[in-house]
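Number of protein chains: 2
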Amino acid sequence: MQRYFVPSENWRDNRVLITGEDAKHILKVMRMQDGDHIICSDNNGRTSLCEIVELDGNVVEVQVVKDVETETEMPVFVTIAQGLPKGDKLEYIVQKGTELGAVSFFPYTAERSVVKWDEKKALKKQDRLEKIAKEAAEQSHRSRVPEILKPGSFSDLLKMAEQYNIKIVAFEEEAKQHESSRFASVLKTAAKGDSILCVIGPEGGISQKEAISLSERGFVLCGLGPRILRTETAPLYMLSAISYHFELKG
Amino acid sequence: MQRYFVPSENWRDNRVLITGEDAKHILKVMRMQDGDHIICSDNNGRTSLCEIVELDGNVVEVQVVKDVETETEMPVFVTIAQGLPKGDKLEYIVQKGTELGAVSFFPYTAERSVVKWDEKKALKKQDRLEKIAKEAAEQSHRSRVPEILKPGSFSDLLKMAEQYNIKIVAFEEEAKQHESSRFASVLKTAAKGDSILCVIGPEGGISQKEAISLSERGFVLCGLGPRILRTETAPLYMLSAISYHFELKG
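Listed in order, the protein sequences are those of chains D and E. Per the working numbering, the first sequence starts with residue 6, numbered consecutively. Per the working numbering, the second sequence starts with residue 6, numbered consecutively.
One or more hints might be untrue.
Each computed BS3-like pair below joins lysine-lysine, with the alpha-carbon atoms no more than 30 angstroms apart [to be verified]: (1) Lys164/E <-> Lys139/D; (2) Lys214/D <-> Lys254/E; (3) Lys193/D <-> Lys164/E; (4) Lys91/E <-> Lys193/D; (5) Lys254/D <-> Lys33/E; (6) Lys214/E <-> Lys94/D; (7) Lys91/D <-> Lys121/E; (8) Lys71/E <-> Lys126/E; (9) Lys94/E <-> Lys94/D.
Just so you know, the hints here were simulated from the structure itself, not pulled from any lab data. Small disclaimer: the values here were computed from a predicted structure and weren't measured.
Kindly generate the complete structure, drawing on both the sequences and the hints.
As structure tokens, this is what we get:
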């Protein structure tokens with residue numbers, strides 16, 4: 006069934022008002038009618054089966070039929086801090102990372118980032134990534150849309166890192182030296198509700214200098230297996246492994 | 006350092022003859038000279054640091070300086086059987102799946118596959134996918150290039166499955182019912198050297214009918230966490246989790 010995130014201020018007495026892009030999608034793309042059903046989430050933990058009760062040119066009103074229980078969020082809160090990669094890789098990371106359960110993404114300019122974003126470009130990119138995250142969250146049945154944090158610098162990354170319980174860096178040099186125990190060891194120390202910050206470098210990885218400042222601030226430098234992963238593959242590996250570790254207990 | 010797979014028949018007395026595309030790449034793209042170094046793998050377990058000793062118009066000859074030990078292959082042999090997806094998703098699955106350690110890929114026509122490949126198209130696609138696998142294997146420092154198996158039908162899949170120790174299907178219905186223990190339980194039964202067949206459906210997943218014939222043949226139907234993954238994300242999740250399980254011991 007079609008799913009839409011509707012801001013909680015649009016929910017009143019089990020009536021939900023859908024406007025903008027989503028209303029257009031319901032009316033023009035899905036061509037839905039009175040009595041059709043959709044799933045609405047308020048991006049705040051509430052997800053409900055709803056019936057369309059009114060449509061006009063650009064607004065759709067639905068009535069909650071029943072709240073549906075969803076447990077689709079990870080038991081830990083994972084933020085992906087991604088060194089700015091080339092091309093459209095970041096869009097891909099946000100789409101797949103949303104399916105895989107990340108709660109937020111922080112694009113930062115790393116020493117080896119080739120692309121640079123000025124204020125204007127950063128805002129435009131942020132809007133685009135927010136749209137991708139919303140669509141991926143709807144498709145993957147998430148009950149919250151991951152946040153796209155304002156892109157920043159490496160020192161912004163160091164500042165924000167202070168709020169996290171657990172801090173991990175994907176570090177290729179460790180992988181090459183067959184370091185293979187730290188990632189799993191760190192995950193074993195994590196508890197339900199912990200916040201985990203995963204830092205990934207751009208193409209070429211993080212620099213030695215960056216690795217040193219991160220480890221000085223309590224980050225654990227981890228290899229992700231013996232194969233060299235591309236910058237856009239590393240976050241998916243980390244999120245899949247974290248999901249496997251916390252959500253798929255044997 | 007640049008890496009190339011060179012068929013073992015081109016290796017003689019620590020001399021390696023590089024021809025075709027790779028020679029072009031060394032000469033025209035990398036613009037290498039006598040004395041430059043590259044890494045060559047014979048796709049048969051041998052990987053060597055080599056020095057360029059001769060170049061002519063379209064052939065490069067290199068001398069082995071020393072063999073380098075590599076342990077970049079998974080301790081288990083994972084084959085990804087992928088229901089034909091739309092667009093270029095399969096290329097993406099082969100590229101990422103190669104980075105993540107799969108040893109072979111089997112594209113099959115599933116009940117819900119929208120695209121159909123005739124003999125001619127299948128051959129063309131297979132060539133293209135082999136090229137992608139070779140490049141991804143070089144980039145990720147694999148010591149073998151994953152095999153692209155001849156695309157086939159669902160009954161071909163059932164036939165080939167007989168050779169595998171462990172057979173797993175990603176089944177969305179199980180995920181929706183929060184089935185969360187089987188995937189990890191099955192991996193716990195696997196030993197070093199086992200062959201694991203992972204079956205993924207196309208968009209829309211595998212059908213109930215397919216699920217039944219697979220489980221009748223000893224496949225384990227597994228959920229991959231509570232979120233609904235796209236067809237191209239499921240194999241990456243499975244490979245990442247298998248790598249985490251077998252290669253990253255905490």
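Now for the hints, and whether the structure bears them out:
1. Of the supplied pair hints, the one linking Lys164/E and Lys139/D is violated, its CA atoms being roughly 41 angstroms apart against a limit of 30 angstroms.
2. For a cut-off of 30 angstroms, the pair hint linking Lys214/D to Lys254/E stands: about 28 angstroms separates their Cα positions.
3. Among the hinted pairs, Lys193/D with Lys164/E is inconsistent with the structure: their alpha-carbon atoms are about 40 angstroms apart, more than 30 angstroms.
4. Of the supplied pair hints, the one linking Lys91/E and Lys193/D is violated, its CA atoms being roughly 38 angstroms apart against a limit of 30 angstroms.
5. A C-alpha spacing of about 51 angstroms is found between Lys254/D and Lys33/E, which places the hinted pair above 30 angstroms, so the restraint is violated.
6. Taking the CA atoms of Lys214/E and Lys94/D, the gap is near 37 angstroms; set against the 30 angstroms cutoff, the hint is violated.
7. A C-alpha spacing of about 33 angstroms is found between Lys91/D and Lys121/E, which places the hinted pair above 30 angstroms, so the restraint is violated.
8. For the hint pairing Lys71/E with Lys126/E, the CA-to-CA distance comes to about 42 angstroms; that exceeds 30 angstroms, so the pair is violated.
9. Simply put, Lys94/E and Lys94/D have alpha-carbon atoms about 15 angstroms apart, close enough for the 30 angstroms limit, and the pair holds.
Comparing the model with each numbered hint stated earlier shows that hints 1, 3, 4, 5, 6, 7, 8 do not hold.
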